[in-house]
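K.L.:
Here is how the chains run, residue by residue.
Number of protein chains: 2
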Amino acid sequence: MSLAIDTDTARKLPATLISALTDLMGDRFTTGNSAREHHGKGEAYHASALPDGVAFANSTEEVSAIVKACAAHGTPVIPYGTGTALEGHTLAPHGGISLDVSGMNEVIRVSPEDLDCTVQAGVTRNQLNEYLRDTGLFFPVDPGADASLGGMSATRASGTTTVRYGAMRENVLALTVVLADGRIIKTAQRARKSSAGYDLTRLFVGSEGTLGVITEVTLRLFGIPEATRAAVCSFPSLDDAVNTVITIVQCGIPIARCELLDKTAMKMICDYGKLDAYTIGDTLFMEFHGTEAGVTEQAEMVQAIAADFGAGDFKWAAKPEDRTKLWEARHNGHYAILAATKAEQHVMATDVCVPVSRLAECIMATQKDLAESSLFSPFIGHAGDGNFHMSIIANYNDVEESRLAHEFHDRLVKRAQDMEGTCTGEHGIGSGKMDYLEAELGDAVDVMRTVKRAMDPDNIMNPGKMLHL
Amino acid sequence: MSLAIDTDTARKLPATLISALTDLMGDRFTTGNSAREHHGKGEAYHASALPDGVAFANSTEEVSAIVKACAAHGTPVIPYGTGTALEGHTLAPHGGISLDVSGMNEVIRVSPEDLDCTVQAGVTRNQLNEYLRDTGLFFPVDPGADASLGGMSATRASGTTTVRYGAMRENVLALTVVLADGRIIKTAQRARKSSAGYDLTRLFVGSEGTLGVITEVTLRLFGIPEATRAAVCSFPSLDDAVNTVITIVQCGIPIARCELLDKTAMKMICDYGKLDAYTIGDTLFMEFHGTEAGVTEQAEMVQAIAADFGAGDFKWAAKPEDRTKLWEARHNGHYAILAATKAEQHVMATDVCVPVSRLAECIMATQKDLAESSLFSPFIGHAGDGNFHMSIIANYNDVEESRLAHEFHDRLVKRAQDMEGTCTGEHGIGSGKMDYLEAELGDAVDVMRTVKRAMDPDNIMNPGKMLHL
Chain H
1 MSLAIDTDTA RKLPATLISA LTDLMGDRFT TGNSAREHHG KGEAYHASAL PDGVAFANST
61 EEVSAIVKAC AAHGTPVIPY GTGTALEGHT LAPHGGISLD VSGMNEVIRV SPEDLDCTVQ
121 AGVTRNQLNE YLRDTGLFFP VDPGADASLG GMSATRASGT TTVRYGAMRE NVLALTVVLA
181 DGRIIKTAQR ARKSSAGYDL TRLFVGSEGT LGVITEVTLR LFGIPEATRA AVCSFPSLDD
241 AVNTVITIVQ CGIPIARCEL LDKTAMKMIC DYGKLDAYTI GDTLFMEFHG TEAGVTEQAE
301 MVQAIAADFG AGDFKWAAKP EDRTKLWEAR HNGHYAILAA TKAEQHVMAT DVCVPVSRLA
361 ECIMATQKDL AESSLFSPFI GHAGDGNFHM SIIANYNDVE ESRLAHEFHD RLVKRAQDME
421 GTCTGEHGIG SGKMDYLEAE LGDAVDVMRT VKRAMDPDNI MNPGKMLHL
Chain A
1 MSLAIDTDTA RKLPATLISA LTDLMGDRFT TGNSAREHHG KGEAYHASAL PDGVAFANST
61 EEVSAIVKAC AAHGTPVIPY GTGTALEGHT LAPHGGISLD VSGMNEVIRV SPEDLDCTVQ
121 AGVTRNQLNE YLRDTGLFFP VDPGADASLG GMSATRASGT TTVRYGAMRE NVLALTVVLA
181 DGRIIKTAQR ARKSSAGYDL TRLFVGSEGT LGVITEVTLR LFGIPEATRA AVCSFPSLDD
241 AVNTVITIVQ CGIPIARCEL LDKTAMKMIC DYGKLDAYTI GDTLFMEFHG TEAGVTEQAE
301 MVQAIAADFG AGDFKWAAKP EDRTKLWEAR HNGHYAILAA TKAEQHVMAT DVCVPVSRLA
361 ECIMATQKDL AESSLFSPFI GHAGDGNFHM SIIANYNDVE ESRLAHEFHD RLVKRAQDME
421 GTCTGEHGIG SGKMDYLEAE LGDAVDVMRT VKRAMDPDNI MNPGKMLHL
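Protein chains in written order, with this note's numbering: chain H, 1 to 469; chain A, 1 to 469.
Pulled out of the complex, with its shape left as it was, chain H reads as follows (with noise of 0.2 angstroms):
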């Protein structure tokens, strides 16, 4: 496995096709190495993959026109938002155009009244609550980086507030989607629910490119909290720190937010985002949401269980710029772990989910495992869902450590599968877990199968990606 870009993988475009984007798209179509380079590079320890040309393209129709061009010479089509996606997503295994929509970012249309909004697929989550500023309204789901809202839809992205808000599963109301053929369809209309017909929209949430393209999302929104506090606290141990999450959410406390660092990853975040108040231990991060009563009523529940698994003293953050500062650090954490990793090395950036029952058990074996071992990975989870993070660094380019970091990899995802739980909680299959998609799900991924095949016949929606064909 080597990051070094290798140019020498471009295949020929057909020259019609590559007249067609130009007629159609002037210089926002390039087949030039920089751009070529640029979207066929992963963020994580994948190998690049070039794409054979890049299309910046500025609206539904024309990515409607682009996928049609492209159809009609089999030739691959790649989404790509952010290239923020750790699992390969955006690589161009077969060759292709990278379809770029980052573009793509208006904020169509706001409607307070509904709590909702419709955007384009490059608006990004930043950029959306930055334009919500005013309205007293958040979009709350927040995986580290800046994603586009387009990318999270299709990789049924979540993060820190999904143990209160919900995932993009439950967030996305409807989509516009350009399918294989160049259709443009919308998913759903915009009311709160609907039982009419099948569920297109949570099809294509999660669908990573492998079915059509997403131009515009209709997302719910969430009126900013009346009060907000947050907190840090450190335990004697991983496993008190999830002990106490357990108990929380079995409580039915609404917490907003509940991430579990361990010793490892705290001390990398608070030399990176120059955090020096907090204790370097296993630490839970917490946010409460609510009226000013009912925050406070919360935190109190809240501390009294962390002191019956040995909690140390809390250490709130009131003051928005100290929260802000709180989850800047907390959200730059794969930007600290890869800021520590030396020149050779790089970042197995993976995660898994398994029951909450589960997760001290997992997460015990999982330490077990990584102690016994000669590999160093730090841990951070989304406690409250199951959901965890190891990010194993490693010199990849060694065989022998790749070898034991794959085998490390390996291991975690069974014991996770094992568990009830799931390869991935919410990084996505990509080019990175297929083969254990099979392990997961059996018979039921011969039906994914089915239906991607029905729906791309000729598999030129994000090839290689997600499904054995």
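Worth flagging that the hints you see were computed from the coordinates, not collected in a lab. Check before you lean on any hint, since a few could be wrong.
No copy is singled out in the list; a pair is fine if it fits within one copy or between any two copies.
[Stated by the list, open to error] The list that follows gives simulated cross-link-like pairs (lysine to aspartate or glutamate, DMTMM-like), each with its CA atoms no further than 20 angstroms apart:
id	residue 1	residue 2
1	K414	D443
2	K263	E361
3	K68	D446
Keep in mind that this is a model prediction, so the values were computed, not measured.
Start from chain H and add chain A according to the hints.
P.N.:
Just chain A now, kept in the frame of chain H:
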């Protein structure tokens, strides 16, 4: 349109199929008229359409064997739970086997730590909640009828608590499904969230038996709140009541139930439920869940909002038995309406759902349309979701009266769709709303057909429902 049961429509099942099913099931398979009539009769205004035989399955493996036998003969399979669907879902317009799973009524597993459970498809919502009684947990989704959880999954049902707890869409974690060729799949692991592959769970939730037979359901559960209070309050007009609801939702008050009834429906429900303490007017039924302090706070905020819209006195039902009586009356709304119809009349129970901002406008226009007609239709709405029901009472054997009722219904659905709403918020498409689905989603319905044809190429799964093929 007639409700008379026509036994002459019986088709001859192939003798080899009868013999195969008899060998498999003994007397749990029958071609007797009584069972066929019971299973071919809709609850609503739809004409009967009898299956040719009824199979009372007792396990997933047996469902698989039945479907395989039917598939070998190209014989339709119509999944059947409690027969409480309202859009003719369980009718057999093309004959075939009604596959009754009501005997599959075992609660397989409850995991209080994970707040989830797995049940066989025939378990009803009341049965589950009865089973959960001592665990401190409950399952919130409550369509009026005591429907089976398999059927509720298949129609993507919701109900009075959806405004707080979500619909079946949000609360089904995984399904076991028998496909059209008899293969058995599990759509997902038990983890609270996953990004592993297409969301097959939500493809089957709302598929109305047209893609496979749901045999097991894994569901989210919730802790019974520490405190619950219910209130009833009447308003000077329907408009005032709707605006109260819109304000509650926009303020982010986590109201657990928020039901709107017009004068007509309120009178029927009070008569049927022998509730004599309430004003007969346009009314909200509300419920608050939380801690003691939280419930008090919510109730105070809602009372202040309601007062702004001229609400009459709140009548509180704090005692569990009073609340039970109240919500039983509300849940019996459909039966109260049936009880108020004359011998020659039937009820067309329909529902639409619009963005909440359009709810008042949609209701007012519908009430005006109703007032200008000679028709009679009580109104009940899950107002917090923008979802409402009209129960159009008419003599559907009278050609002219039936025409007027259908034209009123047609205008109602188109009005909702013109307001970015949907032709059904929770009843489903069945055989009653197939044309409306086409009008609502256009080319997206072609995608549904593509999926249906790929997964059920011989169209044996509940044919004649949802999609024109």
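K.L.:
Now, for every hint given, state plainly whether the structure supports it.
P.N.:
Do the hints match the structure? See the list:
1. K414 x D443: The answer is within: 18 angstroms in one copy meets 20 angstroms, while 41 angstroms across copies does not.
2. K263 x E361: For K263 and E361, the Cα distance is within 20 angstroms only inside one copy (18 angstroms; across copies 56 angstroms).
3. K68 x D446: between (27 angstroms within a copy, 18 angstroms between copies)
Hint compliance for this structure: every hint is met.
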